[in-house]
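Chemist: Residue strings, one per chain:
2 protein chains.
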Amino acid sequence: MKNFKYVIAALMYFAFAKASQAQTLKSPNGDFEMQFDLSQEGTPQYQLTFNGKTVIAQSSLGFDLKNDEKSLKNDFEATGFDNSTFDETWEPVWGEESKVRNHYNEMLVSLNQKATDRKMNLRFRLFDDGLGFRYEFPKQEFSYFVIEEELTQFTMTGDHKAFWIAGDFDTQEYDYTTSKLSEIRKLHAGAIGDNASQTPISPDGVQTALMMKTADGLYINLHEAALIDYSAMHLKLGEDNRTFQSWLTPDNNGDKGYMQSPLSTPWRTIIVGDEATDILASRMTYNLNEPSKIEDTSWIKPTKYIGVWWEMITGRSSWDYTDEIPAIQLGKTDYTELKPNGTHAANTDHVKEYIDFAALHGFDGVLVEGWNQGWEDWFGHSKDYVFDFVTPYPDFDVEGIHEYAKSKGVKMIMHHETSGSTRNYERHLDTAFQFMNKYDYDAVKTGYVGNVLPRGEHHYSQWINNHYQYVVEKAADYEIMINAHEAVRPTGIARTWPNMIGNESARGTEFQAFGGSKPNHTTILPFTRLIGGPMDYTPGIFEMDISKVNPENNSHGNFTLANQLGLYVTMYSPLQMAADLPENYNRFLDAFQFIKDVPVDWEISKYLEAEPGEYITIARKDKNSSSWFVGNSNGTTPRTSQMSLDFLEKGKKYMATIYADAKNAHYKDNPQAYKISTKKVTSKSKLDVFTAPGGGFGISIVEIQ
Amino acid sequence: MKNFKYVIAALMYFAFAKASQAQTLKSPNGDFEMQFDLSQEGTPQYQLTFNGKTVIAQSSLGFDLKNDEKSLKNDFEATGFDNSTFDETWEPVWGEESKVRNHYNEMLVSLNQKATDRKMNLRFRLFDDGLGFRYEFPKQEFSYFVIEEELTQFTMTGDHKAFWIAGDFDTQEYDYTTSKLSEIRKLHAGAIGDNASQTPISPDGVQTALMMKTADGLYINLHEAALIDYSAMHLKLGEDNRTFQSWLTPDNNGDKGYMQSPLSTPWRTIIVGDEATDILASRMTYNLNEPSKIEDTSWIKPTKYIGVWWEMITGRSSWDYTDEIPAIQLGKTDYTELKPNGTHAANTDHVKEYIDFAALHGFDGVLVEGWNQGWEDWFGHSKDYVFDFVTPYPDFDVEGIHEYAKSKGVKMIMHHETSGSTRNYERHLDTAFQFMNKYDYDAVKTGYVGNVLPRGEHHYSQWINNHYQYVVEKAADYEIMINAHEAVRPTGIARTWPNMIGNESARGTEFQAFGGSKPNHTTILPFTRLIGGPMDYTPGIFEMDISKVNPENNSHGNFTLANQLGLYVTMYSPLQMAADLPENYNRFLDAFQFIKDVPVDWEISKYLEAEPGEYITIARKDKNSSSWFVGNSNGTTPRTSQMSLDFLEKGKKYMATIYADAKNAHYKDNPQAYKISTKKVTSKSKLDVFTAPGGGFGISIVEIQ
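From first to last, the protein sequence lines are chains A and B.
So in my numbering, the last one in the first sequence is 707, and the numbering has no gaps at all.
So in my numbering, the last one in the second sequence is 707, and the numbering has no gaps at all.
I should point out that these hints are in silico values taken from the structure, not numbers from a laboratory.
All clues stand as given, with none of them false.
Same chains, same names: a pair is fine if it fits in one copy or spans any two.
Straight-line Cα separation of at most 30 Å, DSS-like style, residue types lysine-lysine; simulated pairs: (1) Lys476 / Lys334; (2) Lys295 / Lys334; (3) Lys116 / Lys334; (4) Lys476 / Lys440; (5) Lys182 / Lys163; (6) Lys68 / Lys334.
Please take these sequences and the hints and turn them into a complete structure.
Modeler: Here it is, written out as structure tokens:
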């Protein structure tokens, strides 16, 4: 009987091996073709073509496992191919459009490692805008394993132009470098700036989302989707300057992932298009995530806010209350006995000024940083019990500010800096969220500045990614929206957990006050960082000469004022800050009007023109009115955007207000030169708008009734 | 002005240096003398004598700091000596006696490291039973530092006999070895048994409390007190076989402690006596802890209990519910679809049998292990989300059992195995404790089997010790008593947090079902493990032939039945289990009577005779009656205890019931041979009671009204 079974199995195997170890999958529109195969050694492989052009050449898949010589690299046979198709349209709680189509053809490849009988499946989903695939481990005796490295390859076909930041296990806050793949190694050291926590991975490692452009004009974007309970993926460029291989963030012991079947890894994504705008229009990353797990989402609200923040970032004010002590011990240090330093911004009177400004100009909320005790030694000391998230400084009246804001129709926005002390934050999470519920805060900006605790872990390791997710889910229990700074880059999880309304996870506007970012920075971010989800970029800086805010800070913001307006459209986020000081807005109230008018939730988005590193122009229709808004961010070359307004509803008349760079504007020496003009337009209109180096524009298009 | 100041300072320094760099301190009764000094290099030193005999020879103090060449080793000057005396009597919530005297002379040595201006103080407290000292760092600019190693020395004066277990960062569950100090290295490898988590530290490392006896009959005990937010101390024996140096438990990165001034380290303790019983009678460890931080302690109740436990330990029953799956995922695995394995002990009917037995015999509580989902893959997999502490198996009716127990006047005792997954436990702690409150559980046995998470941390590192303390304090908020197994050895913290009513932290009775412990094990534990606090040793095993409980288990318990009775007195604990199966107690109901009668809280304790490794006899007076109980645990040599009952109240008459080994009893081949006799006694009576190898006895002495 035993022998008989063996014969049958062997026969099946040979028949199968001959017939069907290679399979192809096409996208719904037929433009993409993905081929799966097994190498002679039984290593899974795939390749991807787009309109007949190879995008990903033969690339292998698998894992090195810890203390497991066999690992999951070869000796596989395919035991089944299940093909299916899927087409749905779902409605996000917030987003760039009110309806999202999720349409793909799928192939599930069932693999068996012959010598070990381990099952590893590969699920490929081919959309009209690219490929997503992941590893799946069904329930089996092979339950527990530890990943030494994921061996997913992405083999490029040429020396593409890439828009990259250096791989790092602890920060994503680097300026982008634009270079050929073959130039990455030599430019790598220069691509690493200073950060409060950083662990560069090697001279050939880059981060995702990685944006590339081929010599023949194809746009390729590599990233991941649904990064949950797994470590974040970096890409390591091979010696051939063509082949990227996944490089997971290690834990403190160098291990990359503790796994238990049944499980699915995050998706690996390859978005491809003939036009740069195809990349911006892709919804693949969200589509590869699960539908919302929050049933009642009525409490999740896109928000425009100001904050007691830029004055600390520029160094004019301080987060901390006193300069009298080198270190504090929460619950033991009595602040009322200490001398205030006189620069503490989060004091009741000053916060009320911000509330007044918010109320006057119709902002939804006011963020206040530095309101709670502990900022005197808040990072850099590997301090465990660094904040308790509920105890205010003596000059911050929680109750009074709550009442005052309420009377003005403004929401206070909470701030939880954790200093990377994740256990401490988790210990206080319920209390902190209960405190928020009590005082009517419905959103919190979290922060993870400095090295994370447990010590030796990394910002993007499985252990810490699990923490961020824990906070998001716990926040949902309390109906709280999360905007996490210094956390792992988003991967579309906001579809599943739409209370994650923002993330930083890249070099934000704050770096303009720390020495500056490259002038074309915001023409790249939508192709990289924003692929995974919205960014709390905090635009709206009207005073680029930072010394005018703080004489001791000689930084200069590398953008024009009109550029800042355009970002409210080009840098999609349901959470948008007007980051500058009220005093600076008061100097330019005509331009400020655009920030007041621009919505934070959209029905339709049209990606009019784009070239990473050069320019981006996007038109979006307000979700709650017939108005449209157009935004542009420009790189270093002056140019004129030529737009057809054919996206407007036919037969309707609109008034366009154009907030543009003046002809002599320049991010470096004339950034505040802008021009506001109005023009009646229809769907037949065309508009030419000039943009200066580091410039941009914002246009509001309001229906004339 | 600057120069003038300097001159003054210099003059003061020289005057001071000559006059007072060495100081002595005497104990209240004058028996002890401690001398503090600074070496020529400015290294702090101390020595200790007892009745003129040197106990600790010149020993140095200090720290190696991480990335700090200067560290805290030398270059110190003494800038002040503050002497004081203290005498109080406090009343513990529970204990070996109802009043504890805390009487010491203190010397606070203020030190300044000249080149760095760092302040490090040493606080010495000299009691009539020994010395405690700790390091203190006052508030200063030198706020943050990382300990590479603590350099506290304990220099012995000879090749003492030691009762030791191998140093290990993850387990204390070793059998004791008795040897000379000079023999430790060669016996070390053989002293290490198997454990689910173990990290032996080196061939010359031992754990505390370390018990020693000198050639001239002095008893010396080294341990620590108030181990809070610090890593547990091991002792490393120097090449000279005389000098122990502290060896702290490292974190995952090899660091020993992250510190912030102001701070105090745990106390280092040296208990000394002419008699072994002096060590048992010492309250120094408790006295060096802070008074209770729990104001209302009325809910803390000494408890005698039985449990659904020994049948799993012996392998007769199982914690897990099914054998059908290799691994489970909480919330996803549906147990109702899985086939029960038929050996799951924590099922409602069976638990009710235990409740009936507890009610019949007057026990306070019933512990049930394996009641909650997750035991199928509970340890050994580095599993993060291993238990949720609130979801029962399908055959365990939480509500029904709660009601049934209540109707019988019995408390259910909760069990939280964490599998060392500390983050997961903390995440569920509030919910788990709320669940306990709801179902009227007021005590929980926690467990930390297997390697701890975060991965790479150790059971006794600062990070994990902080976790145990967090649980104790959180439990106090919910009025819950904690009995932590596999946690760090206690250090008298129960004075401050008297809801910590038990700990394992040593080789418990369970090892008798895992192959056996040495027959004299319980004659050593009171000198070592119990110095820091009570142990949930789980005595009361009446059936030593484990194969009679489970035919597949050939273990043998190395003790007599009478010995097990004696342990209820000799192994002090406010939490005492009768660990055997009801069916075994039913076979020996006359002996079982002693377990039913013996109290778990005491007014007075008299340490009648003791020799570590040989025998211990203790008499204790019930806190709630006039009754006395005497217990004995004997080593391998048969002997007769000769007791004067002069501790009884003069003029009163008592009936003594003596549960003793029969003459032919022997732990190996005749362990159940016991003899029960009664005798009228008074304070003038003397009793001779025979004890067999591995034997012992229990005596109840009840006043005749």
